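S.K.: Here the structure of chain A is known, so what remains is to put chain B in place on it, guided by the hints.
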Amino acid sequence: DTAVSQTPKYLVTQMGNDKSIKCEQNLGHDTMYWYKQDSKKFLKIMFSYNNKELIINETVPNRFSPKSPDKAHLNLHINSLELGDSAVYFCASSQNRLDFTGAYEQYFGPGTRLTVT
Amino acid sequence: AQSVTQLDSQVPVFEEAPVELRCNYSSSVSVYLFWYVQYPNQGLQLLLKYLSGSTLVESINGFEAEFNKSQTSFHLRKPSVHISDTAEYFCAVSKNTNAGKSTFGDGTTLTVKP
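Going down the list, the sequences are from chains A and B. The numbering used here puts the first residue of the first sequence at 2, with every later residue one more than the last. The numbering used here puts the first residue of the second sequence at 858, with every later residue one more than the last.
Treat the hints with care, since some could be wrong.
Computed spacing ranges between beta-carbons, pair by pair [as the list claims (entries may be wrong)]:
#1 K10(A) x E915(B): 29 to 35 Å
#2 A73(A) x S916(B): 24 to 30 Å
#3 N63(A) x G910(B): 40 to 46 Å
#4 K68(A) x Q867(B): 21 to 27 Å
If you're looking for bench data, these hints aren't it; they were derived computationally from the structure. These numbers were taken from a predicted model, which means no experiment stands behind them. Built from N, CA and C at the ideal position, the CB exists for glycine as well.
So that you can see chain A by itself, here it is in the shape it has in the complex (with noise of 0.2 Å):
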């Protein structure tokens, strides 16, 4: 069984465009996350949800929009693409809860290609 997915894979697509990345996890965790990762491998965090709601947004262009249905599931909307939007994204989660202090790992999916053309 997956414990973090992401759909789709690969996602190819041209300047101006509306894309969205799915992500879910069957681990039953409470805080789940969207990162970038660029071309050299940098890992930066976008957002963070716990227990479907926000508790981290770093600077990112409010073209990026997550969306928490549940505490399984943390979609990541993406208006007007530019070029600069090409990236590896990987969504992850983790047990951490707001009301409980402990340091748990967290677990990555395997990430979705996007590149804008």
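M.R.: Here is chain B on its own, set in the frame of chain A:
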């Protein structure tokens, strides 16, 4: 604020040689430390972690890392590497607050040559 510095962006080694990937962190509070590995075209997966207790932690595939509080380091070592260890390695640090937000280093590319 916390930060992580991986001191080497690329480490080429020959098969069966020892390797050390260096990681330094800064934080004003106690932290938890992690090493993740990313094999080509895959997501990251946890290699090992330090939460508390023994400062030397080990993974199932022969890697180990030592937490050094005085030097604020968490270097990753393996006495003898295999071709299959070729991957990107990320050091990460998180506090026990803020719902576990982790800060990742910029990664070290380990290339094992035959």
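S.K.: State for each hint whether it applies.
M.R.: Okay, the hints, checked on the actual structure:
Restraint check, K10(A) to E915(B): a C-beta distance of roughly 33 Å satisfies the suggested window 29 to 35 Å. Checked against the hint of 24 to 30 Å, the C-beta distance between A73(A) and S916(B) comes to roughly 28 Å, which is consistent with it. Separated by about 43 Å at the C-beta atoms, N63(A) and G910(B) satisfy the suggested range of 40 to 46 Å. Distance hint check for K68(A) and Q867(B): the Cβ-Cβ separation is about 38 Å, which falls outside the suggested range of 21 to 27 Å.
Comparing the model with each earlier hint shows a violation of hint 4 alone; every other hint is respected.
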